[in-house]
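Engineer: Numbering (our numbering) for the sequence shown: 5 to 841.
Hints in this document: simulated from the structure, not taken from any laboratory. Just so you know, not all the hints are guaranteed correct.
Unchecked claim - Only pairs whose alpha carbons sit at most 27 angstroms apart, straight line, appear in this in silico DSSO-like list of lysine-lysine: (1) 357 to 266; (2) 226 to 667; (3) 450 to 554; (4) 352 to 266; (5) 701 to 687; (6) 454 to 514; (7) 488 to 624; (8) 226 to 189; (9) 799 to 730; (10) 522 to 189; (11) 37 to 266; (12) 591 to 706; (13) 226 to 159; (14) 829 to 790; (15) 417 to 488; (16) 624 to 687; (17) 488 to 159; (18) 701 to 660; (19) 535 to 454; (20) 667 to 189; (21) 730 to 683; (22) 181 to 159; (23) 780 to 706; (24) 347 to 381; (25) 720 to 698; (26) 407 to 319; (27) 189 to 319; (28) 551 to 381.
As the list claims (entries may be wrong) - If you anchor each label on the Cβ, the simulated ranges turn out as follows: (29) 802 to 667: 49 to 55 angstroms; (30) 757 to 726: 23 to 29 angstroms; (31) 774 to 726: 24 to 30 angstroms; (32) 726 to 281: 41 to 47 angstroms; (33) 794 to 159: 49 to 55 angstroms; (34) 159 to 719: 29 to 35 angstroms.
Cβ coordinates follow ideal geometry from the N, Cα and C atoms, glycine included.
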Amino acid sequence: MIMSLSIHHIVLAALMHDVGKVMQRAGCSDVPKYKEKCRKDSNNYLTYKHAMWTADFLDSHPLTLPEGNWESIVELASSHHCKDSWEMHNYDHYLDMIMQADQISSSWDREEPEESSTDKQRYLKVPLYSVFSKVSTGENKTATNSTQWTYPLQKLTPDNAFPKESNDLIDQRAAYKALFDSFEKDYSTLCEYYNDLAKKNIATFETEHFPQFIDAVDSLLKTYFWCVPANTMESTPIGSLYHHLHNSAAISAALYAQDECKEHSEPPFIIIAADLNGIQNYLYDLNPENSSKASKLLRSRSFQIQMIMEMLADKVINELDLSHLSIISSQGGRWFILANNSKENEQKLEEVKRTVNAEMFTRFLGLVSINLSWETKLGLADLGKEHFINTMNRVYEFLEKEKMNRFSAYLQKDNQWQTENFVINHDNLYSDQICDFCKRRNCDDKSNEKYREIESPEEENPRVCHHCLQEINLGRNLAENKNKLFKIWQGEEDKNTYIHFAGMNFSQVKADEPEALKGKEHYFCLSEENKNLQIPKRYLATQVPIKNGKVSTFDEIAKHNEGLQDNAVMKGDVDNLGYIISRGWQKDDSGNPICSITEYSTLSFMLDYFFSAYLPALIKKQYQDSIYTIYSGGDDFCLIGAYEKVIAFASELNEKFNEFCAKNPDIHFSAAITLAHSKEPIKFSINSTELRLKDAKQEPHKNSLHLYETIVQWDKLTDLLDFADKLNNWLDQEELTLQFLYRLLTYHQMYLETLNKENVNYRNFLYESLLNYDIKRNIEKMKDNKLTNPEIVNKLRSLTGLEEGNTMKYLRIPLCHTIYKNRNKTRTIKTKENKNV
5 MIMSLSIHHI VLAALMHDVG KVMQRAGCSD VPKYKEKCRK DSNNYLTYKH AMWTADFLDS
65 HPLTLPEGNW ESIVELASSH HCKDSWEMHN YDHYLDMIMQ ADQISSSWDR EEPEESSTDK
125 QRYLKVPLYS VFSKVSTGEN KTATNSTQWT YPLQKLTPDN AFPKESNDLI DQRAAYKALF
185 DSFEKDYSTL CEYYNDLAKK NIATFETEHF PQFIDAVDSL LKTYFWCVPA NTMESTPIGS
245 LYHHLHNSAA ISAALYAQDE CKEHSEPPFI IIAADLNGIQ NYLYDLNPEN SSKASKLLRS
305 RSFQIQMIME MLADKVINEL DLSHLSIISS QGGRWFILAN NSKENEQKLE EVKRTVNAEM
365 FTRFLGLVSI NLSWETKLGL ADLGKEHFIN TMNRVYEFLE KEKMNRFSAY LQKDNQWQTE
425 NFVINHDNLY SDQICDFCKR RNCDDKSNEK YREIESPEEE NPRVCHHCLQ EINLGRNLAE
485 NKNKLFKIWQ GEEDKNTYIH FAGMNFSQVK ADEPEALKGK EHYFCLSEEN KNLQIPKRYL
545 ATQVPIKNGK VSTFDEIAKH NEGLQDNAVM KGDVDNLGYI ISRGWQKDDS GNPICSITEY
605 STLSFMLDYF FSAYLPALIK KQYQDSIYTI YSGGDDFCLI GAYEKVIAFA SELNEKFNEF
665 CAKNPDIHFS AAITLAHSKE PIKFSINSTE LRLKDAKQEP HKNSLHLYET IVQWDKLTDL
725 LDFADKLNNW LDQEELTLQF LYRLLTYHQM YLETLNKENV NYRNFLYESL LNYDIKRNIE
785 KMKDNKLTNP EIVNKLRSLT GLEEGNTMKY LRIPLCHTIY KNRNKTRTIK TKENKNV
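Based on the provided sequences and hints, a complete structural model is requested.
Structural biologist: Okay, here's the thing in structure tokens:
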């Protein structure tokens, strides 16, 4: 009898197949029950012993499944190196899937087990090296030499995700044991929870709750094994054990789906890719006359778009009968799913595309589109280390082509335009009925009344459309939801639905729901403090300032400044990321980049983790009331907050990013900060910041900040802000005045004019003489022919001369920072200076 297992059985076996490596490195004792099943070398020594501990772990923590299916999972997960030692029959085709997936995910020949190294204890010492220390743009010759940056064996948290500089290989058995003990405790709790669910209805458990268990296990593996090297036989491994396990599961799922398919196409696999186009047009498309209420919508709009991408991924997985672990990457509004290639799947994807195109076109009025592509067809070899980068380059090329055909599945049919679909809204718009928020739809009485009830009882005649009211409700619920537990499910919309899209629903999890999860629903938590192990953890930046249970207005945020009551918009993204991902890896003899799917996934995940987990954690820790996250994830971010706090945050964020990336000089980001009045239309502020960011990226080496109409390299910012602090202290001590700072700003501008090679006004070369004269008349203090304030005098004089290129060029930054900080302060003008102005 041929054993019949589902895709989820195979996925879990692949996901857990190397968990024994952690036990082996933790120094666990041999397991007599499984010891003799280990593979033996030519000298009759046991090898690949980690399979023994994998079997013991799964056997010790069983899940209640019918028909001996758990025993099948134990054997499949444990026999990938030694199938002849096991007694089960008729499962070779399943085991072959896991073995192939294991080899492709690692891209390592595995002819030698970890124990066979010349140094028999080496596998106990080798850490996971930072993937960032191994990539380079070639600009800095030392960029790839930082192999000493490694990750301690710690549970994943924003603070623990930073590599440490370490030159020595030390025995890590104690650290492995502590890590594994914590993992085993949580895994045991997880099994107890799902076994209780199984007892209630074993008949439906495998279809309704078993996939939820796998998602929770995947989340747990990520939390604990993100820092564990997948293969210690490599000299400096950069691929994590977690990503190796996850990718093994994804490849196994595709192999299973291909095996189950009635017709086999060549090549056998496809990568389904999706990303967003036009998101900024939608995020900031708010009524300029109603900018004071923008904070109610911005975060919810960004969150809604991200959740729609999650819902689409779930829809594709459901339609193609795949696993959530089929998603090989999901960061920054873009995801990739590995699936089997078949005509049936193509037809299903075409239907999904038509549905998505139609709904995006009508829902977002043509502003936002989702690019959905599955043109990348591949074989297993294309997932190998030598070809994977080329494979992903093909994926990105097809996505770019898809952008050129936005909404084509909705606006065209059989190469004919569907002109009846061109008109998005057939309603007549009236000036006295149009929505105050979007200015694109008519309001309705029900929405107006509901808005007054939940948001603004004092407002007499609000005008809110149904669509904007939903977004306002979503933003309010996000602010009030402390646990941040959510779910996605397929079916009809109900009263608890926050977002309904393409037959999928998104809503908050009810208070008592974690005790008994509903079947076939995809749960996740967006909080680092998730105590519900049965619900997977996701990373998404949702941090916004809250006041009295509501999202703070931009007026309230601006009040966190000391002087000028203005906000600032900050936008940034990683420089040269496309080149780093496609060409930044080590090269083969032909100059082609070599990168495994696991190394690629590790880099993508870690980069996204910084912006989606560490950045909001930093805001929550120090800037919780003063910085509003519009979006952050993938490789970019956009924030708005009290301008003083935003500038301080920018400096700290850059320092932390440098540490996070193993101080690799080739990995950096550029950013722009633009001051904006709290009532200024947000779309104008965002657009001007975007233009300044583009200017910053035009610098020869990028790695710059555009601040106060000045582009400066990040490494100069700290000194400039320190100088601003000195200027502010001297103002407080009445050593100088604001009038002097304004004149200093004039001298700075004169200096910049001297750098202009054309149309030189020679009067500008007097800036040094005028500055020294000003210092002499208005700053110097003499007593008994002795200078009594040498610090300030010497510092101001050093602005010109030999050092002027370092400070004088960027003097606008400390001057503006100080002037704005003192804009609303009343100061006494010195009599002496008043006479000499």
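Engineer: Compare the distance between the alpha carbons of residue 226 and residue 159 with 27 angstroms, and conclude whether the hinted pair is satisfied.
Structural biologist: Holds. Residue 226 to residue 159 sits at ~9 angstroms (cutoff 27 angstroms).
Engineer: Kindly confirm whether 24 to 30 angstroms is satisfied by the beta carbon distance between residue 774 and residue 726.
Structural biologist: holds, 25 angstroms
Engineer: Within 27 angstroms, alpha carbon to alpha carbon, are residue 454 and residue 514?
Structural biologist: Judged against 27 angstroms, a Cα distance of about 22 angstroms means the pair holds.
Engineer: Does residue 357 pair with residue 266 here, judged by a C-alpha cut-off of 27 angstroms?
Structural biologist: Given that 27 angstroms is the threshold and the Cα spacing comes to 23 angstroms, the pair holds.
Engineer: Below or equal to 27 angstroms on CA atoms is what counts here, so check residue 189 against residue 319.
Structural biologist: violated, 33 angstroms
Engineer: Hinted pair, alpha-carbon criterion (27 angstroms max): residue 720, residue 698. Please report holds or violated.
Structural biologist: Roughly 20 angstroms between the alpha carbons, so the hint for residue 720 and residue 698 holds.
Engineer: Take a quick look at whether residue 417 and residue 488 sit within 27 angstroms of each other, Cα to Cα.
Structural biologist: Cα-Cα ~42 angstroms, so violated.
Engineer: For a C-alpha distance cap of 27 angstroms, please report whether residue 551 and residue 381 respect it.
Structural biologist: Violated, at about 51 angstroms.
Engineer: Range hint 23 to 29 angstroms: satisfied by the CB atoms of residue 757 and residue 726?
Structural biologist: With Cβ atoms ~27 angstroms apart, the hint holds.
Engineer: Sort out whether residue 266 lies within 27 angstroms of residue 37, counting only the CA atoms.
Structural biologist: Violated, because 40 angstroms separates the two Cα atoms, which is more than 27 angstroms.
Engineer: For the pair supplied as a hint, residue 407 and residue 319, is the alpha-carbon distance within the 27 angstroms limit?
Structural biologist: Roughly 21 angstroms separates the two Cα atoms, so the pair holds.
Engineer: Mind checking the alpha carbons of residue 701 and residue 660 for me, to see if they're no more than 27 angstroms apart?
Structural biologist: Given pair residue 701, residue 660 holds - Cα atoms ~20 angstroms apart, limit 27 angstroms.
Comparing the model with each earlier hint shows violations of hints 11, 14, 15, 19, 20, 21, 23, 27, 28, 29; every other hint is respected.
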